[in-house]
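Residue numbers (my numbering), protein chains in the order written: chain A, 1 to 52; chain B, 1 to 270.
There's no promise every hint is true.
Stated by the list, open to error - So the derived list for chain A, only partly shown, Cβ under 8 Å to chain B, looks like this:
#, residue
1, Y6
2, Y7
3, A9
4, I23
5, G26
6, V29
7, Y39
8, Q42
9, Y46
Think of the hints as simulated: they come from the structure by calculation, not from any bench.
Computed from a predicted structure; not experimentally measured.
Backbone N, C-alpha and C define an ideal beta-carbon position, used for all residues, glycine too.
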Amino acid sequence: MRERIYYDASAENDGAERSMVEITPGHFVFASEDEIQGYKDQAAKYAEAEQK
Amino acid sequence: MAEEREKLVQVRHLVQTFNPGKKSEVRAIQDVSFDIYRGETLGLVGESGSGKTTTGRAIIRLYKPTSGEILFDGNDIAGLHNGSKQMKEFRREMQMIFQDPYASLNPRMKVKDIIAEGIDIHHLAKDDADRDAQVANLLQLVGLNPDHATRYPHEFSGGQRQRIGIARALAVQPQFIIADEPISALDVSIQAQVVNLLKNIQEQRNLTYLFIAHDLSMVKYISDRIAVMHYGRIVELSTADEVYNHPLHPYTQSLLSAIPIPDPEKQKNA
Ligand SMILES: Nc1ncnc2c1ncn2[C@@H]1O[C@H](COP(=O)(O)OP(=O)(O)O)[C@@H](O)[C@H]1O
Ligand SMILES: [Mg+2]
Numbered sequence: 001m002r003e004r005i006y007y008d009a010s011a012e013n014d015g016a017e018r019s020m021v022e023i024t025p026g027h028f029v030f031a032s033e034d035e036i037q038g039y040k041d042q043a044a045k046y047a048e049a050e051q052k
Numbered sequence: 001m002a003e004e005r006e007k008l009v010q011v012r013h014l015v016q017t018f019n020p021g022k023k024s025e026v027r028a029i030q031d032v033s034f035d036i037y038r039g040e041t042l043g044l045v046g047e048s049g050s051g052k053t054t055t056g057r058a059i060i061r062l063y064k065p066t067s068g069e070i071l072f073d074g075n076d077i078a079g080l081h082n083g084s085k086q087m088k089e090f091r092r093e094m095q096m097i098f099q100d101p102y103a104s105l106n107p108r109m110k111v112k113d114i115i116a117e118g119i120d121i122h123h124l125a126k127d128d129a130d131r132d133a134q135v136a137n138l139l140q141l142v143g144l145n146p147d148h149a150t151r152y153p154h155e156f157s158g159g160q161r162q163r164i165g166i167a168r169a170l171a172v173q174p175q176f177i178i179a180d181e182p183i184s185a186l187d188v189s190i191q192a193q194v195v196n197l198l199k200n201i202q203e204q205r206n207l208t209y210l211f212i213a214h215d216l217s218m219v220k221y222i223s224d225r226i227a228v229m230h231y232g233r234i235v236e237l238s239t240a241d242e243v244y245n246h247p248l249h250p251y252t253q254s255l256l257s258a259i260p261i262p263d264p265e266k267q268k269n270a
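Next comes chain B alone, as it looks inside the complex:
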């Protein structure tokens, strides 16, 4: 079934080396290839330092890949230059939600200006009233009170800040969102709410997600497929159920064995 679906993102032989040739050289990504189908959530898991963030940042072109191809909607974006017109257009199609909702929101800006940053850059509002209306809609969409648009980030909790980050990402109406450990810094009690919000928005807006996490239990619920990353390589890739219930690579088995709470579904089957 998956074979017939449209590929929105295709990563081919991606290599990302930091400080090449120097003593401090780091081969963060070593020849990684995978596809993301339109409308799906691909979970990317692995321990800290395995190269997940670098993969996300390379796809969204915050880094220029050392080598390899990244196709978005069929167009190779690995070679695009910063500041070019194509790069600007493509930047609108892809947005990132960051791990730390405290560090990723400018403390000196009002929430409405944080959310509208992309609207301003891409000239997506007719006038101030339209801009305010779009911000109010976005706040509502992420479950926040539109009356809070003139407040500052410090007035919000971690979970609320992450909702602001989600609203900011959605403001430019992207097709594809990279969520880099969006719930790792949040209270366990709030994590499920934010995941559910992301799921609901995905259905409403037909979004495609790359959802990064260090823990398989976090991605299992939201992901259609899961890629397991280890030392800059993907070692296993399949449907969420397959990876979770029928892991083949010993590294995946080791990651699964580290999850402290046994999966209720697994217990049922046992």
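So here's chain A without its partners, still in its complex pose:
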């Protein structure tokens, strides 16, 4: 069974500007400057997992 993940939307109230950023080709995420690297790292992890 999967566990329900709860999303805390208050994270978005940090005053940072967000826009749609293309993390991998054709995959856009609403992100601030500070969040981009985290999403890129996560995308890389997905890619790595698929390689195995």
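Knowing the structure of chain A, use the given hints to seat chain B with the ligands on it.
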């Protein structure tokens, strides 16, 4: 590949605020931008209240957008006035299928008159015989018996009513259809049939869909790409497979974790 495809609908910085300046102000859509390619299905998902219906109604110009651009086939339609000739022409190109097949069909009208409403408005039938023939074809297309054209909505089940709603939308030969949670009110056993019908018709008529749902599992099967909406914003947008298998935004991950039945494909890969 997607980059080379033709954009049928382009939404640019769309903002829709209800009751602006009043105490009851609601910022239903806050700066949303996305494209829909000709022939594709874009799924729009998000929890209740996230702004999905408002997005659909703004695109089809049931609302006048507070700001932003909506381009259909390259023409900006955000500024069109109700009643204008361009608006009437454009209304024929875009049709909506509604969530509630009980509330969206006039109970006092015969099925054939419900379906032919757009045919009449746009003068698409030569005469009564042509009108009847078009209605019969449409009923057949959506899997209903053409002999039932003279019946009333209450004589049909929920799934059949939704087929009538689909026939009504197709009657004016639109290019683009917004389906606003078209299966949410239906029995689970019937949902797949209606989705398959929409898919088949899309192939036959080269239609473009915006398919709205509150549940990712519902849109995954029919969508080429999926946009995830949250509090009036799109937080993630990619191919259906990417959004489903490689979600990046925490809100998308939360939506996915709420799907109770594990995806068989995911299990295979695990
Ligand atoms: N006509 C309206 N007037 C005022 N507020 C509205 C109107 N329509 C929708 N809203 C509000 O806008 C927000 C988005 O609603 P809606 O687009 O219906 O969401 P969804 O379809 O995702 O459930 C909600 O807070 C809703 O209450
Ligand atoms: Mg809705």
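Tell me the numbers of any earlier hints that the structure contravenes, in ascending order.
Nothing - there is no hint that the structure violates, so all of them hold.
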